[in-house]
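These protein sequence lines map, in sequence, to chains C and X. Going letter by letter, the first sequence gives residues 2 to 331 in our numbering. Going letter by letter, the second sequence gives residues 2 to 331 in our numbering.
Any given hint might turn out to be false.
Identical copies go unnamed one by one, so any copy, or any two together, can satisfy a pair.
Pairs of lysine-lysine residues, derived as DSS-like cross-links and limited to a Cα-Cα distance of at most 30 Å, are as follows [what the hints assert, rightly or not]:
#, residue 1, residue 2
1, LYS205, LYS285
2, LYS116, LYS128
3, LYS3, LYS309
4, LYS128, LYS109
Worth flagging that the hints you see were computed from the coordinates, not collected in a lab.
There are 2 protein chains.
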Amino acid sequence: MKLFELGEKGIVPVLTRNLYSRGFITLPAGVDDAAAIRHLGEEIVFTSDIMFASTHFPEAMKPEEMGWKAAVANVSDLAGMGAQPLALLAAFGLPASLELDFVAAISKGINEACKAHECAFAGGDTKKAAELTICGSAIGVCRSEAGLLKRANARPGDIVCVTGNLGDAACGAHILLKRMRSRIPPETASRLVRAFTYPRARVKLGMALSSLGAHIAGMDITDGLFYSCNEIASVSGCGIRIREKLIPFTEDARQFAREQLNASPIRLLEWGEDYELLLTLRRKDFPRAQKAVQAAGGRLIRIGEVIKEKTVYLDDEKVDTKGYDAFLKM
Amino acid sequence: MKLFELGEKGIVPVLTRNLYSRGFITLPAGVDDAAAIRHLGEEIVFTSDIMFASTHFPEAMKPEEMGWKAAVANVSDLAGMGAQPLALLAAFGLPASLELDFVAAISKGINEACKAHECAFAGGDTKKAAELTICGSAIGVCRSEAGLLKRANARPGDIVCVTGNLGDAACGAHILLKRMRSRIPPETASRLVRAFTYPRARVKLGMALSSLGAHIAGMDITDGLFYSCNEIASVSGCGIRIREKLIPFTEDARQFAREQLNASPIRLLEWGEDYELLLTLRRKDFPRAQKAVQAAGGRLIRIGEVIKEKTVYLDDEKVDTKGYDAFLKM
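Pulled out of the complex, with its shape left as it was, chain C reads as follows (with noise of 0.2 Å):
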């Protein structure tokens, strides 16, 4: 069977299925957004994010940005953990054909997102290629196995809540695609574009949460908020409602979707491309967990519930949970 026949959902069971393991890999593969590997008392959280130019990088979009958001990818991954990062390194795909100066555009960067997120930028691999190619690797710790933010730690009656508003970044994406700059107002343009091209990780919240060591489930949404809730119910063993009217989209988004999409703002979720974070947590915990959100600087916004019944709810309606698939675009 072809891989476009199956989709991203289809290949990676069969990609993940009885591979070799170690007493101290305390998360497998497949399961979260990063493996775990117990060391000295600690878990060494490690991710890998490839990203290549014609999936993921629209013609508009500059060099320094593909960099940016490919260093992102990867820490965001660590904070979807609660990890503090230490170190990425980014290997290279590149045609022989491009300028020195692009190549050298793409690595600033990547360090500039290093940088603003105190991560290592520790070195890498380059290699010629048919097609622009980055892929990042970053290592990161956290200093419990409780500290861990997993997907399976969901439960019926946890609070479901996110970092930030949603739906921005799926604007600029759209704009950029489509090369619809000139339809919006400059400023609000600029706003939509920079959510999608220049998006920071919520490491500071991560590490904040990991630190209540409070079975705390959290991913990051840049599959969709669906998608996101689809995996931490699916792997937990629930279902999640979201109750539309807490979810946070800014003003702009919601005009963004009025007047240039025709369609409510529910359709931006589906493009993902937020780096925020989704959370499930105990009743109990909510106050303290604001509490450590709000001293990082951050906010906790509850937008739903964790179910029993095995489904994600938008209110009282089914969603799809599909999210995005690149192999079924051919």
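With chain C fixed as given, assemble chain X onto it according to the hints.
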């Protein structure tokens, strides 16, 4: 300036200039086989290696072999630092027209290499791409900084060694690329091709040498013996003289060079692909190093010495140390 005018050795210094570092980085980007990060008194060794179908995988190569090779390239970087492997991640770029069985076979090859080198296969990433891509990343540990086989450790007077035969893998690559299997006795062809497709990383030997804490310089020889000599020599501020009569070629490799390439076996060294380690060590440490390597099931073969003059010699001739550069072959 375009990349094909510069070559890999011109690109890398630009990409690794002024990178954001942190106090815990023991070995920064672009110096060694891998980065080293001090954590809880140990060194976490971290590497990444990316391979593309068009550059790295001859058409006659099987998918299991591609997977094996991609994994071993990473594990070998850990071996070149003297580190014990912990875990490997594999990020795949896959054309949507590929068969699932083909991809599953690549994953199987990675898994078998992980098992053979006692390195957990802990996950990765899967994305759609224009050409088949495998980006591995791996982490390992070294007890202390003194145990890292840093390239900068060589000193004039040191003995230069390798851990096994050289050139067989280059013969194997040649046989596959030129589809010349039929011109060679089948058993010999199989053995030479296998040296290319199923190399073993010298993990146990690297660890045994690391445990001596004896200022040993080390790296693998995948980019060619003289290239590797130049890497160690230039980072250490000295030179290396290799003795031709001491280079351990097999009789098969000598015969292949003579009969198929009409050349000296020295030419095989330009191709690299050997996963043996190149090492330099103090004369006084040679006996105990040899004992440690033998106890780990290997050999230390003396092939030359470190010299003051910043040049790489084969006996009395200066040698070309450029190694293979895919960017320069448009």
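Hint by hint, here is what the structure shows:
Taking the shortest Cα distances, LYS205 and LYS285 sit within 30 Å of each other inside one copy (22 Å), while across copies they are farther apart (50 Å). Taking the shortest Cα distances, LYS116 and LYS128 sit within 30 Å of each other both inside one copy (25 Å) and across copies (27 Å). When the C-alpha separation of LYS3 and LYS309 is checked against a cutoff of 30 Å, the pair qualifies neither within a copy, at 36 Å, nor between copies, at 58 Å. In the homo-oligomer, the alpha carbons of LYS128 and LYS109 lie at most 30 Å apart both inside one protomer (18 Å) and across protomers (24 Å), since each shortest distance falls under that limit.
Taken one by one, the earlier hints fail for this structure only at number 3.
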